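Colleague: Sequence:
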Amino acid sequence: MGEGGDIRVTALRRGEGLAAWRQIADGLEAEIRTGALAAGAQLPTEAALAARFGVNRHTVRRALAVLAERGLVRATQGRGTFVEAPRLAYPIGPRTRFSEIVSRAGREAWGDLIASAEVAAEAEIAADLGLPPGAPVLDLLTLHRADGTPISTARTCLPLPRFAGFDRAYAALGSITRAYAAFGVSDYTRLSTRIGARLAAAEEAARLDLAPGRVLISLASVNADAAGTRIQATRGLFVADRVELVVEG
1093 MGEGGDIRVT ALRRGEGLAA WRQIADGLEA EIRTGALAAG AQLPTEAALA ARFGVNRHTV
1153 RRALAVLAER GLVRATQGRG TFVEAPRLAY PIGPRTRFSE IVSRAGREAW GDLIASAEVA
1213 AEAEIAADLG LPPGAPVLDL LTLHRADGTP ISTARTCLPL PRFAGFDRAY AALGSITRAY
1273 AAFGVSDYTR LSTRIGARLA AAEEAARLDL APGRVLISLA SVNADAAGTR IQATRGLFVA
1333 DRVELVVEG
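Residues 1093 to 1341 in this note's numbering are what the sequence shown lists, from first letter to last.
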């Protein structure tokens, strides 16, 4: 089912009351479930799939949309459609480290800095960090990937002036843990995590390579350094179809 070579023809069942797009979606799902289409594999183009099934591209597009809603594929702007990897088990415990969790699963972890700014902390963030409202914090917007697939996006706030320049360290190192080490923080622990869920807004869906309206898991967390000083308040959004949260005792 690659881009090259002869196009395999798959006959659809006609006159049985089952829509062509559903037959295509079910057939491709079966190939994903059996491993004929492996995790991370790129699907053929809409034109190639239309030729394979003897339908128009609109029918193929609807079938792919259904697979995206099922969490089986993701469409990436300008690159094509890819098979989603199995869900990543993501433990939530005293030492929650994205890079370590992803690496233990045999996948490559990286974080992208989307934006950063020095801002006055609003009341909720200030309370999480044990600061007075309006205290200066460094506000980071980040995107976290496993083998290039977006897993989560987050807004992270750190107290200033202690972490002035942390955004540059994160951009260079691709990891909160490695950036902390550059600031002399060798260890930190999770004080609290609040878990919720909501639908992805259009901007979030685009950032995470999602169909709009897909479910996101929301995590509001607070971390402290080895001395117990609060150093990080994060509002994270995880793609529900790509992670399985495991709350550790």
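No lab work stands behind these hints: they were computed from the structure. It is possible that some hints are incorrect.
[As the list claims (entries may be wrong)] Pair by pair, the computed Cβ-Cβ distance ranges are:
no. : residue 1 : residue 2 : range
1   : GLU1108   : ILE1184   : 44 to 54 Å
2   : THR1321   : PRO1225   : 31 to 41 Å
3   : ARG1162   : ALA1318   : 37 to 47 Å
4   : PRO1253   : ALA1289   : 31 to 41 Å
5   : PRO1304   : GLU1123   : 17 to 27 Å
6   : GLY1146   : ARG1270   : 48 to 58 Å
7   : ARG1125   : PRO1228   : 29 to 39 Å
8   : ARG1171   : GLY1276   : 37 to 47 Å
9   : HIS1150   : ALA1212   : 47 to 57 Å
10  : GLY1305   : PRO1228   : 33 to 43 Å
11  : ILE1287   : ALA1212   : 40 to 50 Å
12  : HIS1150   : ARG1270   : 30 to 40 Å
13  : GLU1295   : GLU1123   : 55 to 65 Å
Predicted, not measured: the structure shown is a model, and the values here were computed from it. We put the beta carbon where it would ideally sit given N, CA and C, even for glycine.
Colleague: Could you check the structure against the hints above and give me the numbers of any it violates, in ascending order?
Modeller: The structure conflicts with hints 2, 7, 11, 12, 13, although it agrees with all the remaining ones.
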